[in-house]
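Residue numbers (UniProt numbering), protein chains in the order written: chain L, 1 to 249; chain D, 1 to 295.
Just so you know, these hints were derived from the structure itself, not from any lab.
Each hint should be verified, as a subset may be incorrect.
What the hints assert, rightly or not - Here are the computed lysine-lysine pairs in the BS3-like style, where the Cα-Cα straight-line distance is at most 30 Å:
1. D:72 - L:203
2. D:294 - L:214
3. L:32 - D:294
4. D:130 - L:203
5. D:130 - D:66
6. L:203 - D:231
7. D:258 - L:203
What the hints assert, rightly or not - Here are the computed distance ranges between Cβ atoms for each label pair:
8. D:84 - L:22: 53 to 59 Å
9. D:257 - L:87: 55 to 61 Å
10. L:53 - D:223: 17 to 23 Å
11. L:179 - D:229: 48 to 54 Å
12. L:47 - D:256: 52 to 58 Å
13. L:201 - D:6: 28 to 34 Å
14. D:6 - L:38: 32 to 38 Å
15. L:179 - D:91: 53 to 59 Å
16. L:67 - D:62: 49 to 55 Å
17. D:85 - L:179: 43 to 49 Å
18. L:67 - D:84: 53 to 59 Å
19. D:41 - L:38: 51 to 57 Å
20. D:72 - L:113: 18 to 24 Å
Note that CB positions come from ideal geometry on N, CA and C, so glycine has one too.
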Amino acid sequence: MTRLPTSTDRKMGLVIDLDTCVGCHACVISCKGWNTENYGAPLSDQDAYGANPSGTFLNRVHSYEVQPAEGHAQLIHFPKSCLHCEDAPCVTVCPTGASYKRAEDGIVLVNESDCIGCGLCAWSCPYGARELDQAEGVMKKCTLCVDRIYNENLPEVDRVPSCVRTCPAGARHFGDLGDPDSDVSKLVAERDGMDLMPEMGTKPVNKYLPPRPKDKIEEQIDILAPLLAPVAEEPKGFLGWLDKTLEKL
Amino acid sequence: MHPAPSVIIFTTLSGLGFGLLYFLGFGTPDVSGITAFVFFAIAFALAIGGLLASTFHLGHPERAWKAFSQWKTSWLSREGVCAVAALSVMGLYAIGVIFLGQQWTLLGVVGSILSLATVFTTSMIYTQLKTIPRWNMWATPAMFITFSLAGGALLAGAESIAPTLLVVAAIVQLIYWVMGDNAFQNAGTDLGTATGLGNRGTVRAFEPPHTGTNYLLREFVHVVGRKHAQKLRAISFALAFVLPILLLILPADGVVLKHILALFAVMSHLTGVAVSRWLFFAQAEHVVGLYYGKR
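Next up, chain D with everything else stripped away, as it sits in the complex (with noise of 0.2 Å):
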């Protein structure tokens, strides 16, 4: 698939806020005033920032509206609509804490579940592509989740359980590399069951039907970076994950130096992150390269 900037931002932006949402909407870190509103600014900053991202791919944008109609049957249209529901409850949650010293819990907890169910349809928009192997499988729900998680606390500065979601994520991570590498051999489609040609014999692409590129192969057939791809895991399970947990746990004195350290843990997670989702995207191969000889 092609890596389009739009949808890494998107999905690595605003899983990250949604993810300080949800533990904003518990409570933690317990804050009011000026410090919440710092809080809440960077979380809706990620998320609405991220959502925005989203739009920029679109052939039409000025139509992104329509997309809130079919939450019945599609999970885009899920997503969209567990997003304002999130970010409406989640509004009105931080006018209490900030403003009036108020937290409403069950309207927190409410807005917390939405957050991550926003992640979770996100997740979803990806899984159910039965076209696309690596990504048609439970290991990519839980990715989504367990890295918003993890990143939600890391900016919540949650240090007594960031440094165990961090784990949690880097395990998923491993999990859904190694099952991804198998998946599209798994899923039993070749190009003999592409042409319905197999039983008769080896089905190799002869010619294409045209002499140039097409939207089909920019879009699914994106090879460029695959042969970096060991390399660029390796970084990003280092900056993602293995960083951000030696800075978590260093024994730091000084609120300054333990602020610092926290920046540097999310940035590094942050930088992490989107390479993994680049590889994500990179690394994905739609059965339709098939018709044309590729993968």
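Bound-form chain L, shown alone (with noise of 0.2 Å):
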């Protein structure tokens, strides 16, 4: 059905903090390991030891450059995956009613029988969260692991998203956006989580906290050396004559 439900009971997504974030690309690796051995067509390669390599997935890891007015450019890694949008564009323009919206718990989802392959909802995102399967011709997306989130055959700690669970740096959280009490809504709140594009009007679920403020690197960064006297304010000696010398020319 591809029309969005109105409300959904909860938001399940994920936080994303970008100041945590060591680019390790671990994330990037257990998603497609997991999404290939499990729900759904396997992320498919296309040369994957020849020349030109190319291949699906569902978490991708950017790293920008960010150059302030003043002080020093900071390096931000910045992993990318589906951000499950209330006003998700890429569910309303399915013509097969492949791609839904779940009603329970907010998670956008292919159902790859009915998927065409037409591409229309990679178009229609503005995040690049889509990417049409090479070897199999349907969608491929994040499914927020919706088969570990629920999955009663796991250990409990292992009942959340693969990227959330390998995350070496503790810098993706997973829970419900809704509730306003959750930890990873407190998250938000605390550290003034942002959506990606708002003018978009997508009502991303998932939100990326912005990395904190850099400590500022002091000019004089011994305690001792108010006490110092200079060594040599003036050249002296040779040194003296050579810069006389030197300011005459």
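Starting from two chains that each stand alone, build the complex the way the hints lay out.
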């Protein structure tokens, strides 16, 4: 059904901490692994060991440089996957009803047996969250590891998306963003969590926590420095003569 | 956007075919029997040929029938429904005109409206996409509809109205190009809003997520051919509008000469529209390119 639910009981999603992400790409690999071996068509690769390798990924990590007006440039690693938008354009454009948003938890999924591989949902997504698998001819996207989070065959600690479970830095958090008292909602409130491309009107569920301000590097780093007289303010001897001679030229 | 031949052929041919059906539904040209058969055959061949071409780029064409189900929300689904309705109604109307010598006026008018509605729904598939600012504007449906009407009039041999419709389509084409060139900037999306980091300083893509290419870059970041855009625009404009108008208003005696000139006008128009459609895709910039430091 490509009609979006008017509201969802819960808004399950991710909170990604740009301050903590170290850009190791472990989430990319664990996502590819889990989603190739489990739910739906595997994430294929083309020419994987050849000259022009390419493949389907549901999660990719970009890196950006931010140069403030004053001070040092900052490098920010930027994981990006489906944001499970409340007003998801990828759902309403689907002609077959393969693309849908679940009323119970807000997860956006693709029913692969109904997908005709027209690609229009990927065209409508501003975030590049959907990729058409070249081997299967169907659209692939983040499922929020729907086959893990409710899976009672897994130990409780593993009932989170694969990327969250894997992140060695603790930069990825999973929870109900519709519940203001949830840990993730508190984190978003505390750290001014933000939307990507808010002007697109997609109302993403996933939030990004901006990097914390960098410590200032003080001019004076040695606390004893003020107590020491400068060794030589005016050069003397040969250096003094050289300095004066060069000044005259 | 990647200018896939399937979508260029589809929008060009079916636009022309449904344009001709629009005029045939109103009884232009006023033909019957074998002549009517030829006109309807051309219209159906163009419309259906275009629609078939559009299924070539599908990952699973065998499931295409499922696309008729979501007309309440999806423009692509509405297009499918509209196309089948238009072709069915015009098919019945054609039987009357060709075999029974009957012009069922009401049926023809309904078929004409459905034909134009099909072109409109096609244009809305592109217009609805906020992610591609160059398409997300009123000039897009205006362009598809005026092109279809002008091409239809040309094919139908409606000499009285074809030059006017060609001039209107030409003006809409120019408006589309001028508006389109500023659309991305006016949309206000840049790497700053894409990453949410714009208020901290100047954001620059430092390292892409992977060393090779991927589906997103192949599909959405097509920069080949953009450098010749202005030349291609001039070629497209001359072929689609200027030459056909000149050929139409050229004083010509004799039925054979007139038909030859009309044939040249149609071929020139078709080629020009195809070039314009190629540019429509090749010049369209998807916002996802920003994440890769590209447009």
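Exercise for review: Would you list, in rising numerical order, the hints stated earlier that this structure does not obey?
Suggested key: 6, 7
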